[in-house]
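Residue numbers (the working numbering), protein chains in the order written: chain W, 4 to 440; chain F, 4 to 440.
In case anyone wonders, no lab produced these hints; they're calculated from the structure. Take these hints with a grain of salt, some might be off.
In this list, chains with the same sequence are indistinguishable; a pair is considered to hold if it fits within one copy or across any two.
[Said to hold, decoys possible] Straight-line C-alpha distance at most 25 angstroms; calculated DSS-like pairs for lysine-lysine:
1) Lys319 <-> Lys387
2) Lys374 <-> Lys440
3) Lys120 <-> Lys344
4) Lys352 <-> Lys31
5) Lys232 <-> Lys364
6) Lys424 <-> Lys344
7) Lys298 <-> Lys162
In this text the structure is predicted, and so the values were computed from the model without any measurement.
The residues making up each chain are set out below.
Number of protein chains: 2
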Amino acid sequence: MARKVEPRILSGFLELLPEDQIVFDFMKNTIEKTYAKYGFVNVETPLIEYSEVLLAKAGGETEKQIYRFNKGDNDLSLRFDHTVPLARYVAKNAPYLVFPFKRYSIGKVYRGERPQKGRFREFYQCDIDIVGNESLDIAYDAELPLIIYDTFTNLGFDKITINLNNRKILNGLFNELDLVSVKDDVMRLIDKLDKIGYETFKESLKDYISDENTIDSLLKFLNIDGNAKDTINALRELNYSDETFNLGIEELETVINDMNSLGLSENNYKINLKIARGLDYYTGTIYETFLDDYKELGSVCSGGRYNDLASFYTDKVLPGVGISIGLTRLYSKLKEINFYKNEMKSLTKVMVIDLEGGKEKALELTSLLRKENINVDMPHLNGKGMKQKMQYASRLGVNYVVILGEDEVKNNVYALKDMYKGEQVIVSYDELLKILK
Amino acid sequence: MARKVEPRILSGFLELLPEDQIVFDFMKNTIEKTYAKYGFVNVETPLIEYSEVLLAKAGGETEKQIYRFNKGDNDLSLRFDHTVPLARYVAKNAPYLVFPFKRYSIGKVYRGERPQKGRFREFYQCDIDIVGNESLDIAYDAELPLIIYDTFTNLGFDKITINLNNRKILNGLFNELDLVSVKDDVMRLIDKLDKIGYETFKESLKDYISDENTIDSLLKFLNIDGNAKDTINALRELNYSDETFNLGIEELETVINDMNSLGLSENNYKINLKIARGLDYYTGTIYETFLDDYKELGSVCSGGRYNDLASFYTDKVLPGVGISIGLTRLYSKLKEINFYKNEMKSLTKVMVIDLEGGKEKALELTSLLRKENINVDMPHLNGKGMKQKMQYASRLGVNYVVILGEDEVKNNVYALKDMYKGEQVIVSYDELLKILK
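The whole structure should be built from the sequences, with the hints applied where relevant.
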């Protein structure tokens, strides 16, 4: 016999057993349906693009992680996010798109990161962006937290806190305190503040800021806390004159007001002046999302407002605001803590089992039920009997089994067993349909 | 200003505008839902695998088309179909699967074919397979034509003909007529028969068969026609003694009987003794599907029964039966003939438009309607008025628009416009909900 090839897969690539795939698909479909509910349309881009196009902006760490290869004369790369393909798509198709352009993309992206627990090389990103032509109304910044809240509620979470900030406030702060030259370094420290604690933070600040008063002002700013209204008042009371700073406060206030009109409870969001989300890309509102009962997951949905999406491809100025959910990572974390338990074992509602003399009627029944859009299966086991067929239904986690033998056919009835409750009843077709629907 | 990169994509890669993506997604979702209705579960495999694993069986033409590259020390390839990953998946996970294992896979595969009209290098395949452990009941062969019929009916077609044959009949015929040594050549000719016509076919046969009687016998077999019952009778009347041949007839008859029990009309299938579907892989029932009003599309769904799925990875014998729809090709052909017209312009049901004094109430309304699971959008256009907002709704193809200004807010009513019919009515919230649901 020929040598067998070991049927292994690459590390960092998630592949699921059917019962896990059902949970994953539930999450993916929930996200997609929620995005569509807010008027977003699907855009699906190729997995492979010209490297020249995909890497127009990239560099450093990102570029090292790319799956890049030649095919014929072409230098190709696999997409590593949905943002670059979106930029390329909008630049390419702008004349045919309606702006503000609301699109979602849900699909796999590729990064050759060092494999380690919880890191994937092939993973789903679920993105939405609203892209404006030349300008984009601030009202869209208020829509995204609603979508985040709705999505995670639909995924089964009840304690969701969306952290909001505005990059203009941070940038204005650095102007005001004359810290522009050390902005990136200080921002990086602020990003780490929760990890390293206030004492270390204060010490580290001294590497970049010599003036004690400036450090005190910075700490005063970072210590602002409370509900959204209090926070905005406290920011105003700083009496900073920097225009960017004050524009940031105004934007934040507008967003908060619209979110209130949209019905988002104060329990589900807060202003967090300490979040910055990287150094360059975002220019206004920024978001991070935490599940209060699962804080160890970190931010499960992040994003923000940017000034210009596609400057590498077009002169058109395309401001936007967007968020992203790292679905593969989220799924795998939830799987670890068994969050969904065994709630979704099978998408098949009923298994039709034929005994001696029941096959023809059983086949007919499967077609009748499928016409009613019920997911139906019927095991065919090369003549094996009732016991094996019941085992088959049970192992697949099907909720109902209908048993059809000579007696049932003769009396025109159906033996219906609820596999979860263990109860069996004899019913007519109409009764059967009613229970299954 | 920096040089811009041209935002182009690779040829052979389909990327759609939003209104076309809606049609594509309708087709994909329809196929997926129909597959699930018959008890199939989703299996999603990585896009990238070890070349050693993916190419265990491949060779020749297939291997030349593969997207293959190195990343670090690994020799990798992109999947070129769903069958090889299924084989690898079943071999890898057999202890955790329930057999017969019914799985579907809907996703992109990659083949670097010469780019030409209608050929894609990245394309969706939508596969189902039922895989048995050591054996697989023939009853599953009858289920697949039902699924094909149901799928294409749901896709909007009403004249569907599924062609059936059985490779055992063809193989048995070659045994009986002592043509085993020229089997592959003659089979290739039979595959071309419809294209080249009977006269050329007969002439070409002489290259392989010297005996006139044998040629006559072959032609007699190929001329068998009529409904399924007549065809089976005619095959029996040939009185061939070859066991494989007669087993093939029996299998075909069983499949036809079960299909009848399942309710498939004789109008929607026929036995076509001239289809062979390649030389080696299939070993029993084979399928091809034609849309009677769109014959130029060729077979839109094909497949068949095979003896052993995963012999390259495991000693376990895994017989199966499956079909595949080439969705990208099908979509692009239907797009060419404008099959779906403009039936599916937008998934957004209603656009809420606020005028002076209506913004807060309008924002509230969007949230209320979304809680009812209605897809809602609300344009925010930096202060632009009614006209631009109506244009936005109209360009997106939304069915309904709700207009909310001071008057409507004061009177607690909603102006609802049906954009397709051009009619506008003033309604209460309950009436609004009733119309939109």
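> Which hint numbers doesn't this structure obey?
Replying inline: No numbers; nothing is violated.
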